[in-house]
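Chemist: Chain residues, written in single-letter form:
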Amino acid sequence: MEASSELNRRVFLLASGALAIAVVAPFETAGAATNGVASKPPLLPDQLDSFLAVEPDGTVTVFYGRIDGGQGLEISIAQMVAEELDVPVARVRMVMSDTARTVNMGGASGALGISRSGMHLRSCAAEARRLLVEMAASTLGVPANALSVTDGVIRAREDAAKTISYADLIGGRYFAAHLTWNGSYGNDLVVSGRARTKQPSEFKIIGTSPRRKDLPLKVFGRLDMVNDVRLPDMMHARMIRPKVAGAVPVSVDERSIAEIPGARVVHIRNLLAVVAPKEWNAVRAAERLKVTWSESHPNFPGHDQLHAHIRNAPVVRRHIQTENGSVEEGLRNAVRVIEGEYEFPTQSHASLGPACAVADVKNGEATVWTSTQKPHYARDGIANLLGLPPEKVRAIWMFGTGSYGRNDQGDATADAAVLSQHLGRPVRVQYMRHEGLAWDPKGTASVNRSRAGIDASGKVIAYENISKAFSRLNTATNEGRAAHVLAGHLLEVPLEPDHSFEVPVASYTFDHKRLGWETIAPLMERASPLRTTHLRDPYGPPILFGSESFIDEMAAGTSADPVEFRLRYLSHPRDREAVRVAAETYGWDTRPSPRNAQRNAEVAVGRGIAFRRHFETFIALIAEIRVNRSTGVIEPLRYVCAHDVGLIVNPETLRHVIDRQLVYGTSRTLFEEVRFDENMVTSVDWATYPVLHMASVPQSIEIELISRPEAAPSGAGEMALGLVPAAIGNAVFDATGVRLRRVPFTPERVKAALA
Amino acid sequence: MAERFTLTVNGQAHTVDIDDPAMPLLYALRDELGLSNPRFGCGLGQCGACTVHLDGRAVRSCTIPVSAAARGRITTLAGLGTPENPHPLQTAWIDEQVSQCAYCINGWIMTAAALLEEKPKPSDDEIKSALSDLICRCGTHGAAFRAVKRAAQG
Chain B
1 MEASSELNRR VFLLASGALA IAVVAPFETA GAATNGVASK PPLLPDQLDS FLAVEPDGTV
61 TVFYGRIDGG QGLEISIAQM VAEELDVPVA RVRMVMSDTA RTVNMGGASG ALGISRSGMH
121 LRSCAAEARR LLVEMAASTL GVPANALSVT DGVIRAREDA AKTISYADLI GGRYFAAHLT
181 WNGSYGNDLV VSGRARTKQP SEFKIIGTSP RRKDLPLKVF GRLDMVNDVR LPDMMHARMI
241 RPKVAGAVPV SVDERSIAEI PGARVVHIRN LLAVVAPKEW NAVRAAERLK VTWSESHPNF
301 PGHDQLHAHI RNAPVVRRHI QTENGSVEEG LRNAVRVIEG EYEFPTQSHA SLGPACAVAD
361 VKNGEATVWT STQKPHYARD GIANLLGLPP EKVRAIWMFG TGSYGRNDQG DATADAAVLS
421 QHLGRPVRVQ YMRHEGLAWD PKGTASVNRS RAGIDASGKV IAYENISKAF SRLNTATNEG
481 RAAHVLAGHL LEVPLEPDHS FEVPVASYTF DHKRLGWETI APLMERASPL RTTHLRDPYG
541 PPILFGSESF IDEMAAGTSA DPVEFRLRYL SHPRDREAVR VAAETYGWDT RPSPRNAQRN
601 AEVAVGRGIA FRRHFETFIA LIAEIRVNRS TGVIEPLRYV CAHDVGLIVN PETLRHVIDR
661 QLVYGTSRTL FEEVRFDENM VTSVDWATYP VLHMASVPQS IEIELISRPE AAPSGAGEMA
721 LGLVPAAIGN AVFDATGVRL RRVPFTPERV KAALA
Chain L
1001 MAERFTLTVN GQAHTVDIDD PAMPLLYALR DELGLSNPRF GCGLGQCGAC TVHLDGRAVR
1061 SCTIPVSAAA RGRITTLAGL GTPENPHPLQ TAWIDEQVSQ CAYCINGWIM TAAALLEEKP
1121 KPSDDEIKSA LSDLICRCGT HGAAFRAVKR AAQG
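Protein sequences appear in the order of chains B and L.
Each residue of the first sequence is one higher than the one before, counting from 1 in the numbering used here.
Each residue of the second sequence is one higher than the one before, counting from 1001 in the numbering used here.
Next up, chain L with everything else stripped away, as it sits in the complex (with noise of 0.2 Å):
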């Protein structure tokens, strides 16, 4: 039987019925909300392409069930920032004209988000470390890198 839930995503509260409680997040995200991102990259927490803040934290939307989800605070690459209120992540992956397919960038600017807000001055290795478990195929790693640190210094 059907069951309902509550997700807060992006500050707006949304009621959704869901046939298996264990549905991972990332499915009520995209099928229950109809959001274009977070994106389904591998389904097993290996790739980041689904990643999303929950209370502020960075995770993969594709392994956490929405049951787990439904009493925090969701936000999304969306979310983060606007083209008139941008997060600063968002403005240095401009400038630095980091991304080219971009199926991999949720993964990547919402980790990079939660990594600045916990540390707003990371060094290079500390970036690096953030930034291990994810994966671009088109080779984007040091111009991502290059963007949280312009980002980082502001």
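The shape of chain B in the complex, shown without the other chains (with noise of 0.2 Å):
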């Protein structure tokens, strides 16, 4: 039970089988310590006692305004405060995510967790150490130089006896020490402290791959989830949405579900629900609840005719993001033009477990138990929805199932606050599998289109790579507002989508450039199931598939290999290192694709990199497949990652990492499409979302890290899975001749493409 306790406050079971919410005050137990200050001053971020606590145990607690549910941030930025503060890994715990105990720093968000909010807690910690030593200096009457620190213990260099522990300088009190901060929060705060922070040279435990905390507790079974959250008097909720999107409750009949004990109906304006004590009576009163719905003709394209739907409707906005040169003056003075289209699907986030949270709003003030990622703006939201100030609003983090985006806890989030305020009591709403999949906001579909002039020569002289999607903010990437939850499109509080998306980031030195985008007006503007907002790696997948097969169609119109292509036209360093890297690892033999010796074969192997590079991380991915034109069927053998993101904190939860992503970018590229009719989503269940199973898995996956501990850490949590559509994609290529244009990869849109 050791994470679950580091939260400090504990679900437990209780003998009466009922559970409740222990809180154990910090600090009971303060010691002899007599620097620093007795009461924590306010949680704001220009404070040093926000981000840390000597603990009167010498424990560290680290206060992360952020969650790791199971990538590996939480060791690995424990490794980053142990460094720093000279303590073993093992004595420092984190809490994540509870706005009573963390400042905003962003939440899970764009891989930012080490190279933002680890590089400042590295700050805090060294900032720490250097006071801590300024203690320890005045109480034994030694300077600070000649001072030195092991396993949180202070010693005189020169007199073994002088010696003090960081729990007997200020355990259990606080350092009252003020930070730089630049006044913003979220993913745009920052503090740091005056102390320097260590180099590559000093790191004895950056570098080193202490293994996971939480993983135990998984493995045993005694991990408590935000599912696992019950309190007294709770009770169970479930949502009932419409057959037809758009539609809206008419009338209940509460008679239908009279024989179910204890459950009865919530209807506030267009939000519907059932509750009742016991979880499977409110599951069954969901599935009998008779209702009146009105008439809805939503007239959705259908997910076949999407992308003609894309390609023809209204430009709402158009951004172009990079201009060099001019892209018309380049296509007139080239000898040849060659133009690309593809075509990425709507996905879901389909969580292995559809959101869950639990609400106890009462006497003006509300607690949630949410697994969103980002639980600081979940508060916010709640605040907003139910008309109470912030500060009455506590957002509790707790591990949930793997959510990879803006998904449906923060939805579940709000509709349990605002079940709660109407009853009155506590309330936990599970959603439904359909609700998962098919409610949840989604991963925008795209039409990604290139252009590219080739002079007398051979060179690239004008690219082009225009994408056309759905705003990927229609629904915003946090449930800050009201707005932006399902439960605020049901209560009718206006609506504040607004319109975006993004270019890829091409480092390819082309003379004339231009990247920009086009979004579209959505399907349906509100409550919609198709509503549109971050999907893991936001528009990797879709950019990437398009502008990476791209740059393929242009190596192999032009003849070139397609590494020794890209090398051409990347300058930088770290661009060149990762497509060397990747292509030596692989044992890449140099000539164009595809390989015309199987050109006509049942079954081809081929092989296809992409490359890219976001923020300061540079991946290259080498995917080697086999295809049978008669299936249809792709089978992944091997890939090969090449992967720099830096600064390396830990090694092997870094490679975990880049392996579990590759899975999950294959099953994006070889599975998955939300299916939709006129009316309403159709995938409803893994039967009609498919996605990967054992048999798709890749053979194997070698991943080459690329370690520079003099750059700053980047982020990895999400870099390397946009990379996958384009590598399969650029393979099968190189196998048969024939590109594929449109994602997923599915056994019969692969045999139409090749027959």
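Keep in mind that a hint or two might mislead.
[What the hints assert, rightly or not] With a cut-off of at most 35 Å between alpha-carbon atoms, the simulated DSBU-like pairs for lysine-lysine come out as follows:
1. B:Lys162 - B:Lys204
2. B:Lys40 - B:Lys198
3. B:Lys243 - B:Lys213
4. B:Lys213 - B:Lys40
5. B:Lys392 - B:Lys213
6. L:Lys1119 - L:Lys1149
7. B:Lys362 - B:Lys243
8. B:Lys243 - L:Lys1119
9. L:Lys1119 - B:Lys213
10. L:Lys1149 - B:Lys204
11. B:Lys751 - B:Lys459
12. B:Lys198 - B:Lys290
13. B:Lys392 - B:Lys40
14. B:Lys204 - B:Lys243
15. L:Lys1128 - B:Lys213
16. B:Lys290 - B:Lys243
17. L:Lys1121 - B:Lys362
18. B:Lys204 - L:Lys1119
Treat the hints as calculated values from the structure; they're not laboratory data.
Remember, predicted model here, so these are calculated numbers, not experimental data.
Join the two chains into one complex using the hints; note that each chain is given alone, in its own frame.
Modeler: What follows is the structure, encoded as structure tokens:
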């Protein structure tokens, strides 16, 4: 129970079978320490105590206003703090996103956990060490520069008798020390102390691979997730969703559930739910409830016609993000123009567990237990939705199903809060499977178009890449406003959609280059099952599928080897090194694609490469696949991934993060597409939203970490997966000479393309 | 009217009063007995998150009525092994650092444990086939396969 007890607040089973929340006051056993102050300064980012505490027993508590559901940030950031403080990493405990105890550092967002918050906490730890050494100098009567620290004990180098521990100096008390803070919250929050952080040559803990602390709890079935929070007097709720998108409840026949013990209806404007003291009775009531719905005719184009719709829809916002030279001039001077178009489907977060949350709203205060990636924003959004001041709302993050973006957890949290406020008792909302697929905010479908102009020498002189898609911010990337949760839509708050998409970070140096995007109106504005938002690597897969497939088209169009072609136009040393290391590790033989020899073979093998830079992360992925012409089945055989993230904090955990996301990326490439007809999403379970199973896992995944201790650490949580669609598509082209232009590469689609 | 059942879970007998005998076992384990495992994933027997052993067989507790489980011996992940006395799969799971969110973990470990019980030295294909209808959204499939292999090699 170690990791859970680290939360200082445990949900545990009482003898009666009821569960209650135990609140352990921090520092209740304060020892003899006399430095610092006894009461905690306000929870503001300019206070060291907001980020770090030395407990009476010498453990160090880190207050991390983000979360780690299992990718390994928790251990990695503990390492960064332990390194700067000179304490064993086992002695560092992390409190993750609890709005009463942490400041908003952004939640899980953009794979920024280490590169931003980890670096800030490192600076806090260095500052704490500096202050502790100063305290020791005065207590021991030895100059600070004559002291050294080992395992949280400060010693005079010249006098072995003069030692004092961190716990004795300040354990259970507070530094009351100021940090430099830039005044921002969330991803933009920057804090630093005066102390310098260590040089790479001084590292003892950064660069090693201690294991995650959450895993034993998970493996032995001892971890309480948000799903397991049970409060006295709690009601179980199930939301009632319409069969036709846009329909709202007109009347509800409460007698239809009269025979189910304790079941009752909650109907507030267009939000409809059933609640019951027993969970199964809530499930039964939801199945049985008779509702008359309003007429609705969404006239969705259906998933098969979606890309035609995107092509034809009027552009709402057009944005050219990069413009070098003049693409028109380049195309005029070209002897040949190549064009390529690539389609990406709507995809669901499709978390393994549909969302769950618990809320307790009473006496003008609210507490929510949530597994959203961004609990601080959920707090703000719930305050907004319930009409409470934000300081009266506490959001406590708990482990839950993996989310990987703005999935449905934020919606369930808001639903629970609304229902609890209405009923005046705690409510647990558990979505059902169909809600987790049909009602979560989606990753948008897109059409990615490229053009290139090539001169007489075979050089690419003009390149244009434009995406057309629904906005990735139709629903915001966090739940900080009532307008951005489903409950807000159903309670008829004014909507606040935004329009945005992205471009590939193209480090390719073409003389004339234009990168841009266009967005179109949503298919339905309010309470749409096709709301669009951030899905893991929010624009990587759709854009890179187009751009990196098209780079290959240009290589093939100029009879160039795909690796050699990329290197010809990449100039940054880290870009080039990633591509070079991947090719070398794979054993790449230099030749243009396709491999002509097997063009008509029944079963053909091919290799494809894709490259990206994202922030300061540089990745090249080579996929080797086998494709069967008569079945259309693509089998991933071997992946080689060269990965440069700058400073590596925990190499083994980093390997796991890359390995797992390449498998996940394969699922999105080969299987995943949200289906819908004119009325509603029809992907409602794992049969209608197929995902990858064991049979399609790559036979081998080799990860080559490029270590750069001198470079700042960048992110790794989602950057590699975006390369999978193009790497596989390029490998199929290498094998067959046929280019796949539409994800997912289902057997039917591959067969049709190869026919 | 509520009906009374006795459920034997991890060696301990519990008496529960159930409003609806068709209620899936999962709800009895979670809601009546207050267990954190197994987990609700789909309620359709498609994903495996709710897997337990019923008389040694891996079954999906979201589709088995509590009335059908009442005479059997039920084991959950927490009953498979403990930190002091771990099942070889639990050790291997930690050695390979398999799971990320671990919401799916009941399915993988309990299904693999039933396989190893029946076939202590399975081939690679037998392992893959036994795990073929489990879902993981974090992409831990390859790592899970390696962990099962490691546990089987003891």
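Chemist: Next, verify each hint and record whether it holds.
Modeler: Hint check:
1. B:Lys162 - B:Lys204: Measuring from Cα to Cα gives roughly 24 Å; hence the hint holds.
2. B:Lys40 - B:Lys198: It holds: about 28 Å lies between the C-alpha atoms, which stays within 35 Å.
3. B:Lys243 - B:Lys213: violated, 43 Å
4. B:Lys213 - B:Lys40: holds, 28 Å
5. B:Lys392 - B:Lys213: holds, 32 Å
6. L:Lys1119 - L:Lys1149: holds, 12 Å
7. B:Lys362 - B:Lys243: holds, 33 Å
8. B:Lys243 - L:Lys1119: Given pair Lys243 of chain B, Lys1119 of chain L is violated - Cα atoms ~46 Å apart, limit 35 Å.
9. L:Lys1119 - B:Lys213: Holds: Lys1119 of chain L and Lys213 of chain B sit about 31 Å apart, inside 35 Å.
10. L:Lys1149 - B:Lys204: holds, 33 Å
11. B:Lys751 - B:Lys459: holds, 34 Å
12. B:Lys198 - B:Lys290: violated, 65 Å
13. B:Lys392 - B:Lys40: Given that 35 Å is the threshold and the Cα spacing comes to 19 Å, the pair holds.
14. B:Lys204 - B:Lys243: violated, 58 Å
15. L:Lys1128 - B:Lys213: holds, 28 Å
16. B:Lys290 - B:Lys243: The hint holds at about 13 Å.
17. L:Lys1121 - B:Lys362: violated, 57 Å
18. B:Lys204 - L:Lys1119: At roughly 44 Å apart (the allowed maximum being 35 Å), Lys1119 of chain L and Lys204 of chain B break the hint.
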